[in-house]
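Chemist: Protein chains in written order, with this note's numbering: chain A, 1 to 393; chain B, 1001 to 1393; chain C, 2001 to 2393; chain D, 3001 to 3393.
These are computed hints drawn from the structure, not numbers from a lab. One thing to keep in mind: the hints can contain errors.
[Claimed, not checked] A short, non-exhaustive set of chain C residues, derived as facing chain A with CB atoms under 10 Å:
no., residue
1, 2045
2, 2048
3, 2239
4, 2253
[Stated by the list, open to error] Per label pair, the in silico range of CB-to-CB distance:
no., chain 1, residue 1, chain 2, residue 2, range
5, D, 3371, B, 1365, 38 to 44 Å
6, D, 3005, B, 1378, 31 to 37 Å
7, D, 3008, A, 115, 21 to 27 Å
8, C, 2360, B, 1035, 36 to 42 Å
9, C, 2331, A, 128, 30 to 36 Å
10, D, 3372, A, 162, 48 to 54 Å
11, C, 2331, A, 361, 41 to 47 Å
Since this is a predicted model, take the numbers as computed values, not measurements. Ideal Cβ positions, reconstructed from N, Cα and C, are used throughout, including at glycine.
4 protein chains.
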Amino acid sequence: MSQSDAPARERVKQALRTQRIETPSWAYANSGTRFKVFPQEGVPRDPYEKIADAAVVHRLTGAAPTVALHIPWDRVDDYADLAKHATDLGMGLGAINSNVFQDPDYMLGSVTNPDPRVRRKATDHLLECVDIMDATGSRDLKLWFSDGTNYPGQDDIRARQDRLATALREVYDRLGPNQRILLEYKLFEPAFYTTDVPDWGTAYAHCLELGPKAQVVIDTGHHAPGTNIEFIVAFLLRVGKLGGFDFNSRFYADDDLMVGSADPFQLFRIMYEIVRGDALRPEAGIAFMLDQCHNIEPKIPAIIRSVLNVQEATAKALLVDAGALAAAQQAGDVLGANAALMDAYNSDVRPLLAELRADLGLDPDPMAAYARSGYFERIRAERAGGQQAGWGA
Amino acid sequence: MSQSDAPARERVKQALRTQRIETPSWAYANSGTRFKVFPQEGVPRDPYEKIADAAVVHRLTGAAPTVALHIPWDRVDDYADLAKHATDLGMGLGAINSNVFQDPDYMLGSVTNPDPRVRRKATDHLLECVDIMDATGSRDLKLWFSDGTNYPGQDDIRARQDRLATALREVYDRLGPNQRILLEYKLFEPAFYTTDVPDWGTAYAHCLELGPKAQVVIDTGHHAPGTNIEFIVAFLLRVGKLGGFDFNSRFYADDDLMVGSADPFQLFRIMYEIVRGDALRPEAGIAFMLDQCHNIEPKIPAIIRSVLNVQEATAKALLVDAGALAAAQQAGDVLGANAALMDAYNSDVRPLLAELRADLGLDPDPMAAYARSGYFERIRAERAGGQQAGWGA
Amino acid sequence: MSQSDAPARERVKQALRTQRIETPSWAYANSGTRFKVFPQEGVPRDPYEKIADAAVVHRLTGAAPTVALHIPWDRVDDYADLAKHATDLGMGLGAINSNVFQDPDYMLGSVTNPDPRVRRKATDHLLECVDIMDATGSRDLKLWFSDGTNYPGQDDIRARQDRLATALREVYDRLGPNQRILLEYKLFEPAFYTTDVPDWGTAYAHCLELGPKAQVVIDTGHHAPGTNIEFIVAFLLRVGKLGGFDFNSRFYADDDLMVGSADPFQLFRIMYEIVRGDALRPEAGIAFMLDQCHNIEPKIPAIIRSVLNVQEATAKALLVDAGALAAAQQAGDVLGANAALMDAYNSDVRPLLAELRADLGLDPDPMAAYARSGYFERIRAERAGGQQAGWGA
Amino acid sequence: MSQSDAPARERVKQALRTQRIETPSWAYANSGTRFKVFPQEGVPRDPYEKIADAAVVHRLTGAAPTVALHIPWDRVDDYADLAKHATDLGMGLGAINSNVFQDPDYMLGSVTNPDPRVRRKATDHLLECVDIMDATGSRDLKLWFSDGTNYPGQDDIRARQDRLATALREVYDRLGPNQRILLEYKLFEPAFYTTDVPDWGTAYAHCLELGPKAQVVIDTGHHAPGTNIEFIVAFLLRVGKLGGFDFNSRFYADDDLMVGSADPFQLFRIMYEIVRGDALRPEAGIAFMLDQCHNIEPKIPAIIRSVLNVQEATAKALLVDAGALAAAQQAGDVLGANAALMDAYNSDVRPLLAELRADLGLDPDPMAAYARSGYFERIRAERAGGQQAGWGA
């Protein structure tokens, strides 16, 4: 379909209107590499301030109404109060992200640790996260395990899978009726020889064994070089096991750059598979989440930019002329089919998105609106004292 | 265990005595890259001569009693006669490898082709391979699909999975009681954008859906950079879905070099997971096959060397002191556990293997024995005329 | 600058008007992978027909006035006659590509072969290529060496460098006053352990040693995963050693897909460095060449598409607002600087290019114009008999 | 040569006797990933304690007589006193490693920062390091720049090279007669889009421009996947520009694991090129340094193991029968040449090294000797209080 085709534009805008992108509380806080965390001005000092920043992103984009929490970084005494704070700001609390990688006990693993005491402690933390979900009303428990080994022989690869399965089962059985596990995989880091959930196949196999409330989450930065991520998207959608995304982008390893910044064409191809699999609408249950680190760029505008990048890729995916594409594919017309896809990708969808924002009563240019808003100047002043939030706090 | 420990040496030798490595008929023939196939002297001209060469490898190593066939490269009028030829030489026929990548009809795919006529043709070829298995008594049907796409949009990723599943089901249902499918995966080449079975997860999911007679085969050269292959071995063994190996080695892509030549430590780690999973003994049903190309080195000695490399890696794996390793692992002794593994790897097992060969009445040095045998001089003379076998013949 | 800025549009069009993209004779012929070459209809049978096809590409795009030759694939008795044939079709002959990888003698290397006789033969071929350049009036001798080894120890890495330097020196000294060497590098394939010119550093070091008439050529498909190609472009421009490009694209290894099809953003970044280094204008001496394989798609339209892809990336690069970018860079405004670049990339330059073509009296849509032209139908009929050209012919 | 050949054994032992491996002060301190630094017991609290630990490694291995310092982590008031402390422990101070990546000013780069004030500050730090070298008598200034960018467009790639060249020149001109620059390169991290010295080619080009006192240092963990490191070793030795190594090992990115633990065959191949290039003897001026992180394993034994791994790889490299290898290479005997190399690699050199240690009056098993020594129990008790050293201290 052509962009100049008015009904098509309306259809695309209608689909975009329903898209929800969840931003992560930790992306508003300081982050860095093992070499250095460069502190920035105005960074939140607690979960309340993180949610306040997330609310700004939503206010400007209209597309980011929930914020994911990370436990214990976002631990508070009263989650109901935190949820009310979010509601007051027009926000909701999203996925609960567990953390079993920062306690000294987890040096050799959490739920896969050879020591049963440590496994118990780690599993208890995961169960605590479900308790928090009950309090926040969150649907998704996101599980990422840093577990693995650094040296051949360090531990038994297969025994660690048994331990993993045991812990996952216990947590799965604790889930409420509207809750689910999103199991994340990652090729490497912080473990450097084996990772206990290194790829989508491992996550898929465990989710299949667990049952319908366990699904795979794809972090776009967690693959081996050359991996075709949109293939995984298509495959998991086909078998009903795609739970969502941790969006970010990478040139090398798990760079955690702004989504769409390293390979915007890849992001488009991913979103095309989402559209093709009819998985964009909220009822499809795919969680579109960001998981990024803004090490050197200001955090709030970086997150706004990321939301826009996802929207632009989605808009292009929606522009693909499905009929022309299918006809060319069926005819074995390699260049024609490729051209049908590229025609959408090469379109400039920014005017259409500006129009959508105007329809919604938003500023057509969220980046400029943020710059003009004075919000940064305010938080820089207000948050000058105290302890900035980061990965360790 | 120490090599100087006599009962341990006997135990290791006993295990090695049972190991069977299958060599591929096509490795005796000419091969090359897309740039050039360099013909060599003495290369077989038909399947009978390939089997004769394989018999030499077995006669000298005592460890390679079967030869895999590739259809149509090894198509003959009378498979019973071919099997008799093998038996007469002390050999058996092994896995049947299908070929759905060289007919002009397969340019855009075989069983996943958008054209149903081509899919039918490809599936029929796979069924013909089962007919051949009936004739040869082969247990394993090895399926590798070159199917995929070169350009984004070229075809529908998900529809191709549906087509693949349909074809696999039809072939699976045709299998006899003692036959099975070994489904191979490969990251890329000859397809350069998507491959329809690109990774172990995809192969595993299809095999699971098919049933107990479908298992995954790991080609050691078919992974993305950084993939931990021994993890996949351990994982598939745990879930009962490892069917076998296509051994070779690689520095870059699918280099198809002699197994163990690029990363002998990796081969050792793979064989260690086999030993640890008690999967070395023939009853475990793991097919240890070579799948290599000897583009620039003489073929028969290259294959002998490859068999020796697998044996040496296996011997080292068997030397691992399982008790010491488990104790160190359980104690969280990272360096101690690593050392238990490395102690075996750093051993020189060549004397032990020479001793084993002497026990079996073989020459302790198969490479030297081949050089002395005059076999090459004979085939060079005898096979001077005619059409040499290659990938296309 | 904005696209709607009329003087800017004129400036961009003016720059695009000077861009020259050379197409390779072999891309019009059959190609494939080691698994299969799928023949296509209408493929040229000799260099004359290849040039005729290249002339069609130029006639439709106005941007591809020269065609590169490959010796011996394009060997003819009378190069003056071939050059006249080109001129008659409005074309010129471009770079001469040597081939020292297909003679049986080159199995273990050409100019780096341990055997001095083979080295002599290979060097003589390179000298013959300079003779041909004298006849065709070509400026550039493109040297790609497939030389390398497959196994550790196979040959002496350092001695091979000495042999390489010797051959390069002899060829360099034979160059005429307006001739130069373009030295290509490649990570791997067909050699799988070492390649004698594996990276830009090696090519650069040799070119530096040779002198001003030796420059590095970047094949965009010849790098290790993760390599930042635009960095190399910027670096070589800075030191005056960039000679040109072999354009194509890749997802995995040396896929040789249509340039811009796998990562259009990368192509844009490369062209941005060209623009930033003021190297687009012909006097800068950068050769913009395609080097691709159209294994499954029709060749002529694939080459037209490739030329358009380079033009579109160039147009976007020219649209970058240099002043805004420099200001943001100097201010340390990470997001602002990135946005200045992305603003150009996200533009749809197809209307501007259509306008340029109209200015030049060309059809604004070369792909459609080709489809309508009837050329394919004609060559399919005319070239039905005879031996199709390919890599081996 | 055979190990059983007594003169050969003596020759190998003689060569090993001269080998010097420098250990890095920071490897004795705490380290980790961006996710967590797990503190260990007994870790040094200042440079004096680090040197004390390094002295233990040397006392047990006889091969690690110097320790590299990192400024500012090892900044002290009186470097002469620190040097005397080392001497008293039988140690020397080795390379001075600069640090221009941890000051908040360096968020967007140090010597390549767009801000001239920051560049001045960074260059001044490098000059301060030369002052320290004057005080410590160190020969080598190791320069690693984390400089780079995270996003396309963030800064001007080429201008950063100009700034880099300017800073390097100033430092080079400050070097004393017996001092040199070792310039390190790294593909990525902490920068994720461009790195200003990403590969050996860039380091080589700058060193060449600087002059004879600038050489390239190879960190074995700093390459793109698939890079052939021994090729780089051979190449840089040939052109006289190899300055030394930062040894460690990797499976994925810059894992900083114990050298030889991930790919012992690669380490052997590297050491073979050193032996083949006659660069093992100290007069050749190659600095063999470790640069590792012991995130989860105890530090001192990990470093002992690393020293042993380098020694074992070196011993195997020395065992290669150079005559047999050269003969096979010259004859084009691919398998024979490979076998000549592998024969040495497959040898168990541990008995020879134990013999060498006995000759030197050392315990034949340094790992066991350390475990028995009680040193760890002592430092665990003595260093219970205070602030442990780490990357940030």
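Chemist: Each hint needs a verdict: does it hold in this structure or not?
Modeler: Against the structure, the hints:
1. 2045: Status violated, d = 23 Å.
2. 2048: 26 Å, violated
3. 2239: 24 Å, violated
4. 2253: 9 Å, holds
5. 3371/D with 1365/B: 38 to 44 Å: 40 Å, holds
6. 3005/D with 1378/B: 31 to 37 Å: 36 Å, holds
7. 3008/D with 115/A: 21 to 27 Å: 48 Å, violated
8. 2360/C with 1035/B: 36 to 42 Å: About 39 Å separates the Cβ atoms of residue 2360/C and residue 1035/B, which means 36 to 42 Å holds.
9. 2331/C with 128/A: 30 to 36 Å: Taking Cβ atoms as reference, residue 2331/C and residue 128/A lie about 46 Å apart, which means the hint is violated.
10. 3372/D with 162/A: 48 to 54 Å: 36 Å, violated
11. 2331/C with 361/A: 41 to 47 Å: 33 Å, violated
Checked against the numbered hints above, the structure violates hints 1, 2, 3, 7, 9, 10 and 11; every other hint is satisfied.
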